[in-house]
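Trainee: Protein chains in written order, with our numbering: chain R, 1 to 294; chain F, 1001 to 1342; chain E, 2001 to 2550.
These aren't lab readings, by the way, just hints derived from the structure by calculation.
Keep in mind it's a predicted model, so treat the numbers as computed, not measured.
Idealized CB from N, CA, C, for every residue including glycine.
It is possible that part of the hints are untrue.
Stated by the list, open to error - So these bits of chain R aren't anywhere near chain E, every CB distance computed over 12 Å:
{"id": "1", "residue": "His67"}
{"id": "2", "residue": "His139"}
{"id": "3", "residue": "Glu156"}
To be verified - Calculated cross-link-like contacts (lysine-lysine; reagent style DSSO-like; alpha-carbon spacing at most 30 Å):
{"id": "4", "chain 1": "R", "residue 1": "Lys107", "chain 2": "E", "residue 2": "Lys2182"}
{"id": "5", "chain 1": "F", "residue 1": "Lys1075", "chain 2": "E", "residue 2": "Lys2537"}
{"id": "6", "chain 1": "F", "residue 1": "Lys1079", "chain 2": "E", "residue 2": "Lys2492"}
{"id": "7", "chain 1": "E", "residue 1": "Lys2419", "chain 2": "E", "residue 2": "Lys2537"}
To be verified - Here are a few chain E residues that face chain R, going by a calculated C-beta distance under 10 Å:
{"id": "8", "residue": "Pro2100"}
{"id": "9", "residue": "Ala2105"}
{"id": "10", "residue": "Val2108"}
{"id": "11", "residue": "Ala2109"}
{"id": "12", "residue": "Thr2153"}
{"id": "13", "residue": "Gly2173"}
{"id": "14", "residue": "Leu2183"}
{"id": "15", "residue": "Gln2207"}
{"id": "16", "residue": "Leu2242"}
{"id": "17", "residue": "His2245"}
{"id": "18", "residue": "Leu2455"}
{"id": "19", "residue": "Glu2457"}
{"id": "20", "residue": "Phe2476"}
These are the residues of each chain, in order.
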Amino acid sequence: MSHATAPSHDADHAEGHGEHYPFLAHHFDTPEQQFETGKMGVWLFLATEILFFGGLFCAYSIYRALHPEIFEYAHYYLDTKLGAINTCVLIISSVTAAWAVRNAQLKQTNMLVINIVLTILCGFGFMGIKFIEYSHKIHDGLLPGHAYHPAEPVWELPIYKAKYGEEGAAAEGGEHAATGEHAATGEHGAAEKGGEKAPAEAKHTGYVKPLMGPHEFNREPRDVQRFFSIYFCMTGLHGLHVLVGIGIWVWLLLRARTGEFGPKYFGPIDFAALYWHIVDLIWIYLFPLLYLIH
Amino acid sequence: MTHSLVNSLVTFLAAAETNDPERFTPKVPESDHFWVPNEASTMAGTVDSLFNYIMWVSVISVILIFAAMAYFCIKYRAKDRESNQAALSQVDHSNALEITWSVAPFFFLISIFVWGFKDFVTLYTAPKNSIEIYATGQKWKWTFKYPNGFVDSELHVPKDKNVRILIKSVDVIHSLYLPEFRAKMDAVPGRYTDLWFNATKAGVFPIYCTEYCGKQHSDMLSQVTVHEGNGYEEWLVAKEKEIELLPPAELGQRMYKQFGCAACHTLDGSKNTGPTFKGVFGRVETLSTGQQVKVDENYIRNSIMEPQKDIVQGFPPQMPSFKGQLSDKKIDGIIAFLKTVQ
Amino acid sequence: MAAPSATVDDNFLTHEKGILSWLCTLDHKRIGLMYLICVLSAFLLGGSAAMLIRAELWTPGPTLIDHQTYNQAFTLHGAVMVFLVIIPGIPAALGNVVLPLMLGAKDVAFPRLNLASWYLWVIGALCLITSLITNCADTGWTFYTPYSTTTTTSVIPALFGAFILGFSSIFTGLNFLTTLHKLRPAGMTWFRMPLFLWAIYATGIMQILATPVLGITLLMLIVERAVGIGIFDPALGGDPVLFQHFFWFYSHPAVYIMIVPAFGVVSEIFPVFSRKRIFGYKFIALSSVAIAVLGFLVWGHHMFTSGQSIVAGTVFSGITFLIAIPTAIKAFNWIATMYKGAVHLDTPMLYALAFLWVFSIGGVTGMFLSVMSTDVHLHDTYFVVAHFHYVMMGGAITALMGGIHYWWPKMTGRMYPEKLGRIGAVIVLFGLNLTFLPQFVMGSRGMPRRYYNYLEEFQPMHQLSSLGAFTMGLGFLLVAYYLLRSLKTGPKAPDNPWGGNTLEWQTTSPPAYYNFHTPPVITEGPYEYADWTYDAKVGGYVRISKQAKS
Chain R
1 MSHATAPSHD
11 ADHAEGHGEH
21 YPFLAHHFDT
31 PEQQFETGKM
41 GVWLFLATEI
51 LFFGGLFCAY
61 SIYRALHPEI
71 FEYAHYYLDT
81 KLGAINTCVL
91 IISSVTAAWA
101 VRNAQLKQTN
111 MLVINIVLTI
121 LCGFGFMGIK
131 FIEYSHKIHD
141 GLLPGHAYHP
151 AEPVWELPIY
161 KAKYGEEGAA
171 AEGGEHAATG
181 EHAATGEHGA
191 AEKGGEKAPA
201 EAKHTGYVKP
211 LMGPHEFNRE
221 PRDVQRFFSI
231 YFCMTGLHGL
241 HVLVGIGIWV
251 WLLLRARTGE
261 FGPKYFGPID
271 FAALYWHIVD
281 LIWIYLFPLL
291 YLIH
Chain F
1001 MTHSLVNSLV
1011 TFLAAAETND
1021 PERFTPKVPE
1031 SDHFWVPNEA
1041 STMAGTVDSL
1051 FNYIMWVSVI
1061 SVILIFAAMA
1071 YFCIKYRAKD
1081 RESNQAALSQ
1091 VDHSNALEIT
1101 WSVAPFFFLI
1111 SIFVWGFKDF
1121 VTLYTAPKNS
1131 IEIYATGQKW
1141 KWTFKYPNGF
1151 VDSELHVPKD
1161 KNVRILIKSV
1171 DVIHSLYLPE
1181 FRAKMDAVPG
1191 RYTDLWFNAT
1201 KAGVFPIYCT
1211 EYCGKQHSDM
1221 LSQVTVHEGN
1231 GYEEWLVAKE
1241 KEIELLPPAE
1251 LGQRMYKQFG
1261 CAACHTLDGS
1271 KNTGPTFKGV
1281 FGRVETLSTG
1291 QQVKVDENYI
1301 RNSIMEPQKD
1311 IVQGFPPQMP
1321 SFKGQLSDKK
1331 IDGIIAFLKT
1341 VQ
Chain E
2001 MAAPSATVDD
2011 NFLTHEKGIL
2021 SWLCTLDHKR
2031 IGLMYLICVL
2041 SAFLLGGSAA
2051 MLIRAELWTP
2061 GPTLIDHQTY
2071 NQAFTLHGAV
2081 MVFLVIIPGI
2091 PAALGNVVLP
2101 LMLGAKDVAF
2111 PRLNLASWYL
2121 WVIGALCLIT
2131 SLITNCADTG
2141 WTFYTPYSTT
2151 TTTSVIPALF
2161 GAFILGFSSI
2171 FTGLNFLTTL
2181 HKLRPAGMTW
2191 FRMPLFLWAI
2201 YATGIMQILA
2211 TPVLGITLLM
2221 LIVERAVGIG
2231 IFDPALGGDP
2241 VLFQHFFWFY
2251 SHPAVYIMIV
2261 PAFGVVSEIF
2271 PVFSRKRIFG
2281 YKFIALSSVA
2291 IAVLGFLVWG
2301 HHMFTSGQSI
2311 VAGTVFSGIT
2321 FLIAIPTAIK
2331 AFNWIATMYK
2341 GAVHLDTPML
2351 YALAFLWVFS
2361 IGGVTGMFLS
2371 VMSTDVHLHD
2381 TYFVVAHFHY
2391 VMMGGAITAL
2401 MGGIHYWWPK
2411 MTGRMYPEKL
2421 GRIGAVIVLF
2431 GLNLTFLPQF
2441 VMGSRGMPRR
2451 YYNYLEEFQP
2461 MHQLSSLGAF
2471 TMGLGFLLVA
2481 YYLLRSLKTG
2491 PKAPDNPWGG
2501 NTLEWQTTSP
2511 PAYYNFHTPP
2521 VITEGPYEYA
2531 DWTYDAKVGG
2541 YVRISKQAKS
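Only chain R is shown next, with the shape it has when bound in the complex (with noise of 0.2 Å):
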């Protein structure tokens, strides 16, 4: 290339900028094009993961939009007080995530350490408060397709009974009538009595209540494992999302031990801290589409 006639500051070029800052990488020019770079990398990024997300919120919004009823239905299974408590858990956690920025970018080494740590702790209270709803869910037999086999219908669950207990109250003679329906019906409820204990390929057929006030359901309505199918995708991908942010803040925790970051790169952190916001975000969305239905 000698016919190059560029001002030659080869050597420069060749072994990078190394010795000034070690953490630059050889094909940028400077720490603030790196910086730049990797935010809009990380950015870009974000808009994958949303899209990732939008073709379930697609689906729930299309599904919910067919069959509200089922949505109305099925969301008193879930328990909205984990959810609430939940939701605080993960703004807490971005809170703090957002504060260990500025320490990066101030160098605050040992409150960096301690906010990546609680960022660590809420993401772990956040999986284990999952872990819990989960496995409720799994033992009343609410899950999706085929193993769908609820153990109770909605109308017995106390948190609809406390919503409607008026009602209910009022109509009493209909709650006993209730009860003796279940009885006299006995072939129907004998068969959701045994399907509690029988093997899992029989196949759930749904649930009858008698008419006996204004209550809002009186029959479940078809096919409500679709929910559940939709809770199950959407949380456990989320879930999954949380689990890998957890999995990156506790490298990043044992990177800033060093005393690596600093006022001239705490990329890292900034660009972690951007996701963990991003996987809150699409929480704050499924705690209202899921468990806040009217």
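Model the placement of chains F and E on the given structure of chain R, informed by the hints.
Mentor: Showing chains F and E alone in chain R's frame:
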């Protein structure tokens, strides 16, 4: 292994007619057109005019592109690299040209879009007074149910009458394709779809499945017969009578073909999707539950009505129920037929 | 061969040695070459499946293989060609090698992610091969439900492979997009970027925005098949047509992911071999972006006969026609580039001309399919097969071949034999037309696709088509033969054999480890040829004015 490979190579090179004689192959009647099959419905001609319009515009534009390409290649071809021949001009834009070749195709595209849209709406809006025939797709057979309840594996329609086909599938997605009528519609499990046509030519035309549906997708063929005058009504009455008069075993054999049993159950003892019918009556089968069952009249009847209940070990639970499709007489016929297959 | 560069021996091929130095490399050129080797091996696999299919169709009944094997062969052919060959072909293989060079950068933005993408490709390919050797999926590459959830073949490894390959593609797109935004050296303004980079940019947008939807769709399908969740399975209340919507929401943009990079390659070849500035630079550049955007809004044109509403069909059909316009603009501009040029008909140019030829046919036949009423007749017939092979095989693969020949001297430092190159290009072009032209006729006469048996009436055209396929196969074998041979025996390539003015021609062949010995200074557009003159001693082009100064 090597032997079989050599064998198949020999077969291949000889291009021998190894056609399965059992396979139903409709004939495609000679067409008056090079590009498309016969025009046998009211819509066929309309669709073809648009087809020809697009084709001629395409042919002309492709020829123009080739001509320009060839002309420039010859006219402006450089001698060799050594002579360092420079381009005659470095002209690199012309807004007038760009606008011309963006807008000119635009008008053409709008014209075919509007034309295609209008025809499409007609193609899929069945007139109110149509004869309704139900078509069912299943692996790998079409069945057609006529207004009087008669079921056949072939489609028969009257000439010059509007016919609406309501299509469903009992297993995977299929697609009902009648090329001579330029009509096609997917058969989707869990919903009805429909198409309609008005046949204008008497004759026999092929019917295909055009949505890939598995192993014997390419054998999912049938044919449509267009009757003149009262031919359709007469055929329908005659068919029903003919069947009622058949001896039971023969009636059963009819049903075996008509309802597509042959797609899964062989008569020669070979294993297919379902157990063979050879010697099935009186055979002791092991069910998927491990239970042993002797095949008798009741078992056969139950297997037709509720096929998922007792599955023979080693076979997939794939058979659809024929509840409501077969009269008692026909089921008796099938039982009688199975007794004869030994 | 007294090229000035001959004094510099160290290049990216010789910088480090040993297989590990390749498998752990972060150098974009090496990763690109590894992609190229893998993609071409996959092409051999997919091509063999195609030969098997065409051999089977020699007679109307069983010829060579049985029903099931035939179905597995076309599934394998489709999945391998789409996911392993065409999608990564131009962007990941050629793009990796030349994108940073053309841009004047030292590497892509995220070299580690780049290597990870390659490993994801390998894992995805292994998954597809697992499916192949266990009990190859027989669903067709489109994996339509409920067939894909009920068949007994091993669909899950194939789905998982496609899922992984999707991520490989996403990361490549993300990497390139970021590189193009953030690593442009001073002077490289947006409108000084070579059109190949514009094409890669548009492709990157589609890879990032469309592929995740494929990911989630395949994931849902895997779960559906494994445990039965009832989202797509009608037996559990699901909607099989929803799957088609999701699938084509990705797979239609994917068609453009495959063809837009091909536009980019052709846009490089036409001006260089016409010694003339590209005609309508901005129109070509922006039409790529227009195609990328519109490409997201047309997926429903694959589903006119699926029972979707007439209104939906109309909208999809209408937008499809809008896409025809930017595509036509490109074709016209390429032709105009040759006008009053000095046209050299070397192998890359032959492939570019072949591209224009077959792509025009593929393009105009697309109109038959985007018009709703004619599509009803032609949908799922051989007409569609011929159409998309003209676009994918004739478009994307021809451009890939053109690109390989064009950049072969740069990538390997060797020249391929020109004469054999031209013969190969002509054989491939001839075979291609012989294979697919009869398929148009068959299709419009009503021959459905994916048929193992067919009616005797179609036999002559099937046989013509098979002969064409075998010719094309031989053509590709010839190409493979002389390219491999040139690695050993080919003459050393000059820095700039074709006289291109994009930056990759301004470094050595093959380039140095860090790409440029001297960072390039960009003061003009990529298609200015006045400064370059052919020097017979070098066997390539050298810069006059600059040489005079030094």
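Trainee: May I ask which of the numbered hints given earlier this structure violates, with the numbers listed in increasing order?
Mentor: Numbers 1, 12, 18, 19 and 20, in rising order.
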